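J.: Protein chains in written order, with the numbering used here: chain W, 1 to 343; chain B, 1 to 343; chain R, 1 to 343; chain C, 1 to 343.
Quick caveat, the hints were computed from the structure, so don't treat them as lab data. Any given hint could turn out to be false.
No copy labels: a pair is met if it fits in one copy or bridges any two.
Stated by the list, open to error - Pairs of lysine to any residue, SDA-like flavour, derived with a Cα cap of 20 Å: (1) LYS299 to THR210; (2) LYS38 to ILE2; (3) LYS91 to GLU224; (4) LYS225 to ASP119; (5) LYS63 to SER192; (6) LYS225 to SER300; (7) LYS299 to GLY333.
These numbers were taken from a predicted model, which means no experiment stands behind them.
Protein chains: 4
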Amino acid sequence: MIKAGIIGGAGYTGLELIRLLLMHPEVEISVVTSRRYKGKPISDVNPHLEPFIELEYEDVDTKEIADRSDIVFVAVPHGSAMDYVPGLMAKGTRVIDLSADYRLKKEEYERIYKREHKDKDKERRKSVYGLTELHPEVADADLVANPGCYPTGAILAVAPLVKGVVGQSATMVSQVIFDAKSGISGAGVEPSETSHFPNLAENIIPYQVTMHRHVAEMRMELGEKVSFTPHVIPAIRGILTTAHVFLADGAEPQNNEIERIYKQFYEGKRFIRLRKGIPSLSAVRGTNFCDIWFEREEKSNRIVVISAIDNLVKGGSGQAIQNMNVMFGLNEGEGLWFPGLVP
Amino acid sequence: MIKAGIIGGAGYTGLELIRLLLMHPEVEISVVTSRRYKGKPISDVNPHLEPFIELEYEDVDTKEIADRSDIVFVAVPHGSAMDYVPGLMAKGTRVIDLSADYRLKKEEYERIYKREHKDKDKERRKSVYGLTELHPEVADADLVANPGCYPTGAILAVAPLVKGVVGQSATMVSQVIFDAKSGISGAGVEPSETSHFPNLAENIIPYQVTMHRHVAEMRMELGEKVSFTPHVIPAIRGILTTAHVFLADGAEPQNNEIERIYKQFYEGKRFIRLRKGIPSLSAVRGTNFCDIWFEREEKSNRIVVISAIDNLVKGGSGQAIQNMNVMFGLNEGEGLWFPGLVP
Amino acid sequence: MIKAGIIGGAGYTGLELIRLLLMHPEVEISVVTSRRYKGKPISDVNPHLEPFIELEYEDVDTKEIADRSDIVFVAVPHGSAMDYVPGLMAKGTRVIDLSADYRLKKEEYERIYKREHKDKDKERRKSVYGLTELHPEVADADLVANPGCYPTGAILAVAPLVKGVVGQSATMVSQVIFDAKSGISGAGVEPSETSHFPNLAENIIPYQVTMHRHVAEMRMELGEKVSFTPHVIPAIRGILTTAHVFLADGAEPQNNEIERIYKQFYEGKRFIRLRKGIPSLSAVRGTNFCDIWFEREEKSNRIVVISAIDNLVKGGSGQAIQNMNVMFGLNEGEGLWFPGLVP
Amino acid sequence: MIKAGIIGGAGYTGLELIRLLLMHPEVEISVVTSRRYKGKPISDVNPHLEPFIELEYEDVDTKEIADRSDIVFVAVPHGSAMDYVPGLMAKGTRVIDLSADYRLKKEEYERIYKREHKDKDKERRKSVYGLTELHPEVADADLVANPGCYPTGAILAVAPLVKGVVGQSATMVSQVIFDAKSGISGAGVEPSETSHFPNLAENIIPYQVTMHRHVAEMRMELGEKVSFTPHVIPAIRGILTTAHVFLADGAEPQNNEIERIYKQFYEGKRFIRLRKGIPSLSAVRGTNFCDIWFEREEKSNRIVVISAIDNLVKGGSGQAIQNMNVMFGLNEGEGLWFPGLVP
């Protein structure tokens, strides 16, 4: 059994790690931290976890967490994760960081997140960006920077067109607009103006329409041709990304060619489902799948690609576990291979 | 034009007063207070009110509010209203208090709300409980204690059966259970655990299932035979009250007799709609109506009465304006006579 | 491996059986029928099931279904199930019927469902009412009549008080009102006026307020002292039942006594969770749990008991699988032992 | 008083016309037709309209409707409106058609709506496209083709940039993507797969992602540079349009210049609210306003413009009444000048 520790187990990301790891046949949760709930049984604070977990929330130091774990999931906000990662790695524990702290280059991080990166060995650590389908080097990583929820849905939607496959020129795409719609759980467990039911119900709320920080990850993977506008919808889970892809001059791929590119690019990737019909959030609810579908606009240079993920699973904790599986040589889908909650 | 002041104009009750008074042909809003937003244009803080109101939020003393107003709506939380009411009345201004501070007898209030009543002339003031349909003495009141949202829907649902009409014994009812379901706007404008979208969506939340404070108002009007259990539903506005009415021994009213009692009791009451079918929240959305319907259980001593109101209108600000209309000799429906927002 | 057939696999009940059985380690789905979708791959019609099931919907006769199955789940509407059950049983196949056709006595069924019961051996079959916690005789049954969704939540909520435990008089309860609130998935997969989003959103809809057919099951298990009023809430899954329990004269149980009764009654019942706080639908979402909590009203003869279930799992397909586990001597929780989808 | 007839008064568009016209001080509803509900009191079928309208639904011929009306609103589906319009106009009655039948040129209409246009005088009639803010010629029209809901929100969002103002080159824009999110009421009063609560709740549904018919209206007004992708969100009312506007080479407008263009373009247009913050659906709920806001992406050629309307009011019946006001020389806002239902 793999002993897995969770730093920050009271937020949605931490809770989803617990929910999923409890169903994982090869993992035992070894320690879960929370300063706020220190000493309280986890299933008292979160009644949906009764009677599945007998642990209490703890507030122990990094060294001890490392000692008790083969792998540690860091599920604290960006800016805090870098307080833990160096200590964990110094002890030789493998780490999956679900915050933004190890996703970008140091300068880019400091510019985007407007704070100094406190880990002075940041660049030396060779963190791998844990978009599993695109980064097989996860297998050998000691530190995985788990992608943001929006970048996961966005990058997976268009990577085949942007990055290309064997026998295809990579210049097919000139520009991409990601217009994303997310459930509110992405904003976290703390009540806010946006999550206040009377504000969100019967509404849809665009925010940071040209300046959301996640665009940096998208550009890191796809290049500068990418723009991003997020919205919050009145739903708990899920991100539906509408990618408006503009083709480069001269590119006039037929539908079957586009289909071939996607199939080839994602061959063997079990959590990518190329769809015959328009994806919906319900089919991925509670699961690690990314559903993808496209339609080319007739007489135009636009392809619309739609992707759907559960922001807390494929867009967060599920992908983290998928990465753990790859890191430990397990079947990629171990503990994650079940259908969505429909209806 | 009646000059109306509003103390506490940034909460849902205050905002609904503004929305409705702006459509009232006989009223001019004279002053709106808010400590938090002092100095800010009301329509900057609340974009839905642009360009209908040019006032700014103010933080002025009670005396000045009284000087500038013929009537003042006090829309602050219970415990705070009694800081304003004595000063307003000392200046001869009529007052409608939307808090609980003047609804109950002093001892009852202090017991239920667990605080001392600071207005030492509380009992002398002869506040009228402003359930307009049941209390015609509102017309002559200087101080109206506007009912709570739950009591409005509950009391109106069963008053005919409990209080009786001419030619009917009042002992028809032995016990009443009010099982009420409310939209979350009743909990106010501040985000909370309960109003957090991921907690309320796809859920229904019972709370204070035997001890909600509003039961005191219900018992004041209907007697001790009343019990009350509230729930919050994933909706913004509205209260649907399911009243389980148990008949006294020997009472075996036929449907047409019950119907006659309701019609007689509410004759001429324009905002009570006795319905042929089951009421819904949508038909009263945004309006001052109370829709009522009943069904007698065959071979049993139970009548189920359903009432539907908009908690912010008939259950709050609309009823306050209805009371104002009555106090100033206007048509009861002035400014409130429009259909609901369906769908 | 147990070979399980499903008759009626395109409705919500059938789909939930598929979803759950796919995660069951001891079961192989052998045949799934649907006249409407005959010949279509199940995962084409229901994309959330891709790639978990390779079967197509079939339209084969009862005899063949029986031949290919060790157990058959009948998930067609009441009135249709009795077309299949005799044929299945004639072949010696064990049956779990999720419709109402075998829950009540013949006369009661015909009166309530206003149709003749076509199975002339109905009474001889000795179907067991499959409320697993109350009917251990499920273990030996060849035909289980799986309970209705409302009766499951209602009966489990108050059975300890009504039926009593060793050392307790069973006369503690004089009357019970079940005021239930259900997600709309209980109304099935077909669009209707009630399920039309603009009608249900921002609303709550009472229906059949004194005459819902499920009350017959409640009375069968609990006696005539029971009344029932259902509502539909704007949510997909879940039933929250508010039971208003009136105590018999002289019964004055203290909280710790009530708690003791519940604990004793449900000892060893893994899917009953007696709660310290008010239950919510989210903690049971997607699971087979029934969460129960109570509060005694001070100075009154009322106990309010709240129960929460997922109508499609414990209130339907999950309980059916729980029954199957018991019938086949498996661990009661096999395939059903996972936490709810929160948030 | 203007006598207004409504053909097709049982759908959402017709009902919203009734709701709004009942509040209009200069209008009397003269006749409302519905084949389905012929002979039934309108307020029996639609309880929210009680006791505001005493009319029954009628099924009378076009000639009689014309005789009894100064203006007729045609609120039947496209393809049916053209059955009524010629007869109404032959009688000299002014007409506002809320269907698509008179919005496009005959050939375009027949191509897009895949049906023959039955009105052989279609082209001669000189219908005016009733986007009031852009077409002052509405004032003199006998036939107004009221715009589609999506085109209203989309065209108003970007018209200033595309069409330009005095002193501005009209070539500022090279391409526009409209990514629109609509409440489900736009799909009408009939239940469907899409409007089925379990399908839409906790979801967002893209549809006709490159081929929605409304794009033809957008191109008629804005040119061929326009693309359109609609989505349905789990909300009843409202359309939020996210317009991704790409600037022509060399165009580098500063924020204050863009703001100046919008202000100049919409000067005196009372129902356009240029916003300081991101618009939301709640601020326009139930109203005829179109809220608009923009943000220029730094270091890019994109401007994101957000518009919010109520699809049934500004996107339908409200705009129709606004057009009627202009046609009859009334104040443009008569009967429509009230704030939105917040929260």
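J.: Could you run down the list of hints and mark each one as holding or not?
T.: Hints and how they fare:
no.: 1; hint: LYS299 to THR210; result: between (28 Å within a copy, 10 Å between copies)
no.: 2; hint: LYS38 to ILE2; result: neither (24 Å within a copy, 45 Å between copies)
no.: 3; hint: LYS91 to GLU224; result: neither (38 Å within a copy, 62 Å between copies)
no.: 4; hint: LYS225 to ASP119; result: neither (30 Å within a copy, 49 Å between copies)
no.: 5; hint: LYS63 to SER192; result: neither (34 Å within a copy, 36 Å between copies)
no.: 6; hint: LYS225 to SER300; result: both (19 Å within a copy, 10 Å between copies)
no.: 7; hint: LYS299 to GLY333; result: neither (40 Å within a copy, 41 Å between copies)
Figure legend: structure checked against the earlier numbered hints; hints not met, in rising order: 2, 3, 4, 5, 7.
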